[in-house]
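Enquirer: These are the residues of each chain, in order.
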Amino acid sequence: MTAKDVESILWLVPIIPLVASFINAFISLAFLASRKKSDLTAGQLFARGLTGVIGITAIISSLTISIILLVFLQGSNEHLVSVKEIFIWIPSGDDFQIKFGLMLDPLTSVMTVVVTTISLMVHIFSTGYMKNEDGFHRFYTYLPFFTFSMLLLVMCNNFLWLYVGWELVGLSSYLLIGFWFAKKYDWGRMLPSAANVKAFVVNRIGDFGFGLGVMWLFVIMLPHGEGIPLFDRLNYENVFKVFEEGLVDGKVVFLVSILLFMGAMGKSAQMPLHVWLPDAMAGPTPVSALIHAATMVTAGVYLVGRINPIIVRSEEAIAAVAVIGILTAFFGSTVGTTQKDIKAVMAYSTVSQLGYMFFALGVYGWIAAFFHLMTHAFFKGLLFLGCGAVIHSNEDTIKEMFEEIHHNAEEWAKKKYPNDPEKAAEYAFELFEAAENAIEYGVDPKSDDRLLREGLDPQDMDYMGNYFKQMPVVAISMTFGAAALAGVPLTAGFWSKDEILGTAALQGQWWIYLIGLFSALLTAFYSFRMIFSVFWSDSYRLPKALTRLAHAGMQKKAKELGIQYFNPIEIIEFVGGNADKNRKQVKVHVHKPGWNMQAPLVFLAFMSIAAGYVGLPNVIFGNGVNQIEKFLEPTFEPALKVMESNDITKQPDFTGTLILLLVSAVVSLTGVGIAYVMYHKNRETLPERAMRLSGPLYYISRNKWYFDEVYNLIFIQGGMAFFRFLWRGIDVFIIDGIVNGVGYVTRFISQGLRKVQTGFVTNYALYIALGLVVVVAIFYLTVGVKF
Amino acid sequence: MFGLPLEQIIFLVLSGLSIVCSLGLVIFKDPVHSAVSLVLTFFNVAGIYILMGAEFMAALQVLVYSGAILVLFVFVMMLLQLRPGPALNPFRFFQSRIAPVIALAFLAEVLVIIFASNYYNNGGKITDSANTQAANMAKNISYVVSSKVPMTDTQGNSVVKSNEGWFSEPNSTGHTALLGKELYSKFILPFEICSLILLVAAIGAIVIGRRGLERDRKEFRSVGISLGGVAEPGSAQEFEYEKELKMLGTNELDKERKLTLKK
Amino acid sequence: MIPTAWFLILSGILFSIGLTGVLMRRNVLVIFMCVELMMNAVNITFVAFARSFTKGINFAGDNFVVFVVTVAAAEAAVGLAIIVSLATKQSSVDADSIGMLKD
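So the protein lines, in turn, are chains X, B and P.
Residue numbering for the first sequence follows our numbering, starting at -12 and increasing by one per position.
Residue numbering for the second sequence follows our numbering, starting at 26 and increasing by one per position.
Residue numbering for the third sequence follows our numbering, starting at 6 and increasing by one per position.
Hints were generated in silico from the structure; no laboratory data involved.
Since the structure is predicted, the reported quantities are computational estimates derived from the model, not experimental observations.
The C-beta atom is built at its ideal place from N, Cα and C for all residues, glycine as well.
Mixed in with the good hints, there may be bad ones.
[Claimed, not checked] Just a few of them, taken from the derived set where beta-carbon distance is under 8 Å, the chain P residues facing chain X:
hint	residue
1	L24
2	L28
3	V47
Assemble the whole structure, with the sequences as input and the hints as a guide.
Expert: Pasting the structure below:
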């Protein structure tokens, strides 16, 4: 296989998912439109399934080609394959032309493999997760489109196309987060229709800086590109050449780097633009897995890695990246420890881990950052998909229980009112509806009991437990994933996280190292908090919680209806273990996910362990063991050269690295241990005591450091006040005032003047006399009378 | 007598009287008293004309003004029974207060103009010697010329033309003759037009002042309404007006008219 | 040798008095009479100026007075006719009750 062959198949990688997306769109519009799943005929159901198959096939093809390319690249001496012109986007004369080209270098290759792998896992998983969705076909239209956007982003060779891919990824995120746009209630969380707007808007703030940066690059490139068509000057190689030759002033380098980094801040949810990511969990969980764990949010990391020749020349910019990264890492980990929603924990974990990647870039750990990106994609994707499986089963369980409640309520009513079937049916329905409402909306907003106040959220970890018994595969996969997240020794996360921390220590940034270590402790804690409370605890909490809630709701409704001596136990009681038919107990089945949901989990669990072994530290295990470093080095050569010339490169030593490894191991195991004690052994008591002991820290952490509230106050309330002033003060008061005022003054004057015409002749005589006096006076004073 | 020439004393007396009488015109409540005081004023003014050597003016004044016009006024006052009507004008109070102010302002303006003029500043000398008069005349200072109209101008040329041609001019040198000479030669056109004016005025007065036949009133009713003439509410006139307003433009109106004509 | 200025002053005073009368009196006939007074004052002025030229006599002023008197007479006739017709309609000759020009 030669470079020529590679060039000819390069373009297939992004295009195949795009074509699949269009085919699915056609199928959706032609055959399925917006029908509910229950209304579909057999042929339509087949078409529906077909969309899923098409999506999966496309991604498999892309993945295969990506792997071929990766293997080729590894084996060859060339480090860059690029196709400069596939088509011309805006052919408008010789100079104003935007060419579309692709390239393949080690970084791109790694990114494409990661993106297509995770995308494939999500496609397969979604066939199970979205099985009963009305919008299944729509999902499989958007998902390959997103994959295409992301591949475009990482494979293009021009800053302009990078921006295009950036925006397309943002668009796909909008479409996918807002997938359930019709949802009207989400247990107090932000609705999908608002969350996707929030994501897009916050992204836009970052994109503003990014756009300015690209424009500035264009301006910088204008004098340096004789002979090169205008927009080709924005090709990576041309831009980097200019910077490498030192033709750009230091201040400009700093500012351009900061502007481009702003884009990364928005897309990768760094502080202070992180606020969209937790609310983006309103989308379906596979979307969260793909976009907000593995792929889109890593676009920012990719960007900073790609512009390494630019940013390495500005120490302040790199320092800024590091500071923001470590702050974000710390923030995410503190907030993740107290969240009750399982997806929220994972969201803040993502924020935190992205912070790790950025601060790795900030301490010149280029390869460490991308190594962590790769492992994080695997284990975070796994964790999200596993959460999806849990939530899916919870929702199905709750739906089944509704049906049981309805059934039992009808039976009870028939028995209680045998003579009056209408009243019986009505009462049964009312009670059932009360139970349903109780579960969704809660019973009494003023109650002390959180369950009765808020209802039963299927994503709430307080009501989950002991899922190991029902879904062992999920449990074990998730444990592996959490272990990788926590950095438990010998998992992939351990190696990658330790490399990051090691780089920080190597560069002498001890504060960053310590904060990173503390965040690692918290990370280990909250990841295993989740695992223990959901999967490995003794108490299976869902049945009791459901029963209690349904009973409270039915009791309240019975009081309203005036049913005397009502005992809710007569209708239903849910139990986790053996059920007693005589006591109307119903055993709760937790739904085990099908094979199409479990297979990706298994694969990703495997990768969570195995992926770490491409990045073992050279120092300890021998030279050349670190495959990924060897592979990625050519991309970062410009930066490494600069680092050497500035004497920043440091060589790790054996003992130091070993000590750091051991410290990391100890820290992560400590975190796991604390979680074990708190959530496995003493789940009923210790967490509450800890909450009370920590006092205000708990609330700060629980309320996400009040970021949303502050933003609301400053920008929304402040903005509204300003706009209200503009409206009332300027538009209404001044402009309307002037316009109305002219009319008012005219009317006023004319009404005054109207009184002159009294109709009485004697008055007119007076006016004549008055005029006479005035005219004579004026005449004498101006002209003068001389006689 | 008072250190002033006789002429000036007479002038002062006459003018004082005329002013007093004109004040009486303004002040008296009864209009007949006002008319009488106006007559007295006119007589005094006639005296002043004689002082100026304008005898014809004086005669004109007495004959036309007090003899014809004021008599007309008194006749009208006699014919109409005058009663004070509804005082609709709300500005009367204001107007009564401001009218003297305006008049005084005008008077002040006039006095200012007079005192700033040459007539006052350069012609204030009071003397009665002919020499002074001749000397002042030679200096182009203006005086009111005394009673006798000089027959020669400053150069000594006679201003009265001698007889030439068949149209013999009177030899009189009185004011009337001289005025007549100019009136019928230089100002003949305005003279003729004045006669026309008088004719038009006579006809107009007759037309306007007519009590009017019923026919006229009805024919010109629409004109009268558009001129703002309204009948008193509730009167028979108004009823008739309304009735005919409805019939306007129909044939019935002519039938109505024929009926009234018969009446 | 009466100074011309005295005649002018007299004329001015008479005119002002007439003006006061026009504005102040309520009886239409008296108003008319005051107008006549004003015209008289003007006549005096005309004649005074006619007598004030040194280079010979100019009778234009006197002639003009003739016309003024003529016009005054004509005006008096027509005006009184109007007053008569107005009075017939209203049964009074109060200037304050002539409000027909009002909207």
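Enquirer: Evaluate each hint against the coordinates.
Expert: Against the structure, the hints come out as follows:
no., hint, in the structure
1, L24, "6 Å, holds"
2, L28, "6 Å, holds"
3, V47, "13 Å, violated"
Hint compliance for this structure: hint 3 is the single one not met.
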